[in-house]
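Student: Sequence:
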Amino acid sequence: QVQLVESGGGLVQAGGSLRLSCAASGNVGSINTMGWYRRAPGKQRELVATISTAGSPNYGETVKGRFTIARDNAKNTVVLQMNSLKPEDTAVYYCNAVVNWFQQYWGQGTQVTVSS
Numbered sequence: 036q037v038q039l040v041e042s043g044g045g046l047v048q049a050g051g052s053l054r055l056s057c058a059a060s061g062n063v064g065s066i067n068t069m070g071w072y073r074r075a076p077g078k079q080r081e082l083v084a085t086i087s088t089a090g091s092p093n094y095g096e097t098v099k100g101r102f103t104i105a106r107d108n109a110k111n112t113v114v115l116q117m118n119s120l121k122p123e124d125t126a127v128y129y130c131n132a133v134v135n136w137f138q139q140y141w142g143q144g145t146q147v148t149v150s151s
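Going by the numbering used here, the residue at position 23 of the sequence shown is 58; the numbering climbs one at a time, nothing skipped.
Please keep in mind that the hints were generated in silico from the structure rather than gathered at the bench.
Fair warning: there could be bad hints in the mix.
[Claimed, not checked] Across the chosen pairs, the derived CB separations fall in these ranges:
1) Ser60 - Ala105: 34 to 44 Å
2) Trp141 - Ser87: 17 to 27 Å
3) Arg54 - Ser87: 16 to 26 Å
4) Asn93 - Gln138: 14 to 24 Å
5) Ser150 - Ser60: 12 to 22 Å
6) Asn135 - Gln48: 24 to 34 Å
7) Ser150 - Ser65: 33 to 43 Å
8) Gly51 - Asn135: 33 to 43 Å
9) Ser42 - Ala75: 12 to 22 Å
10) Asn62 - Gly144: 14 to 24 Å
11) Gln48 - Trp136: 38 to 48 Å
12) Glu96 - Gln36: 28 to 38 Å
Note that the coordinates shown come from a computational prediction; the quantities given were computed from them, not determined experimentally.
Cβ atoms here follow ideal geometry from the backbone N, Cα and C, with glycine treated the same way.
Given these sequences and hints, build the entire structure.
Tutor: Structure follows, in structure tokens:
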């Protein structure tokens, strides 16, 4: 079992920045990819960014060039730096961890609201 706890969401004006953090606990030695997904009202869950154990990032098309994902394997944390935020970035953001290459774990979600 892996537990994920997110922090850092909130309300920001368009063009502003927010930083999300996710801390993993439990069977952390078996974690492979970690990342962030989001779900906006009335929309499907969307990939934001993932990062491998080796630090290789993968970004969703809508956030490329604005968001940066980073990972600290020693602290079992993953952070998402979000810059140049847009109203369409408003969503609940979920931390994700893949364990043993196929088990998916999710955090409880943190709300990000970008006002225009």
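Student: A separate judgement is required for each hint: does it hold in the structure or not?
Tutor: Right, here's what the structure says about each hint:
For the pair Ser60 and Ala105, the supplied restraint of 34 to 44 Å is violated, since their beta-carbon distance comes to about 19 Å. As the Cβ distance of Trp141 to Ser87 is approximately 18 Å, the hint placing it in 17 to 27 Å holds. In this structure the supplied range 16 to 26 Å holds for Arg54 paired with Ser87, their Cβ-Cβ distance being about 21 Å. Checked against the hint of 14 to 24 Å, the pair Asn93 and Gln138 passes, with Cβ atoms roughly 19 Å apart.
The given range of 12 to 22 Å is broken by Ser150 and Ser60, whose C-beta atoms sit roughly 33 Å from each other. At roughly 41 Å, the beta carbons of Asn135 and Gln48 sit outside the given window of 24 to 34 Å. Here the CB-CB span from Ser150 to Ser65 is close to 40 Å, well matched to the stated 33 to 43 Å. Checked against the given bound of 33 to 43 Å, the beta carbons of Gly51 and Asn135, roughly 38 Å apart, stay inside it.
Separation of Ser42 from Ala75 is about 20 Å and conforms to the stated range, judged on CB atoms against 12 to 22 Å. Separated by about 21 Å at the C-beta atoms, Asn62 and Gly144 satisfy the suggested range of 14 to 24 Å. With their beta carbons about 40 Å apart, Gln48 and Trp136 fall inside the hinted range of 38 to 48 Å. The supplied range of 28 to 38 Å is met by Glu96 and Gln36, whose beta-carbon atoms lie about 33 Å from each other.
Consistency with the previously given hints fails for numbers 1, 5 and 6, ordered from lowest to highest.
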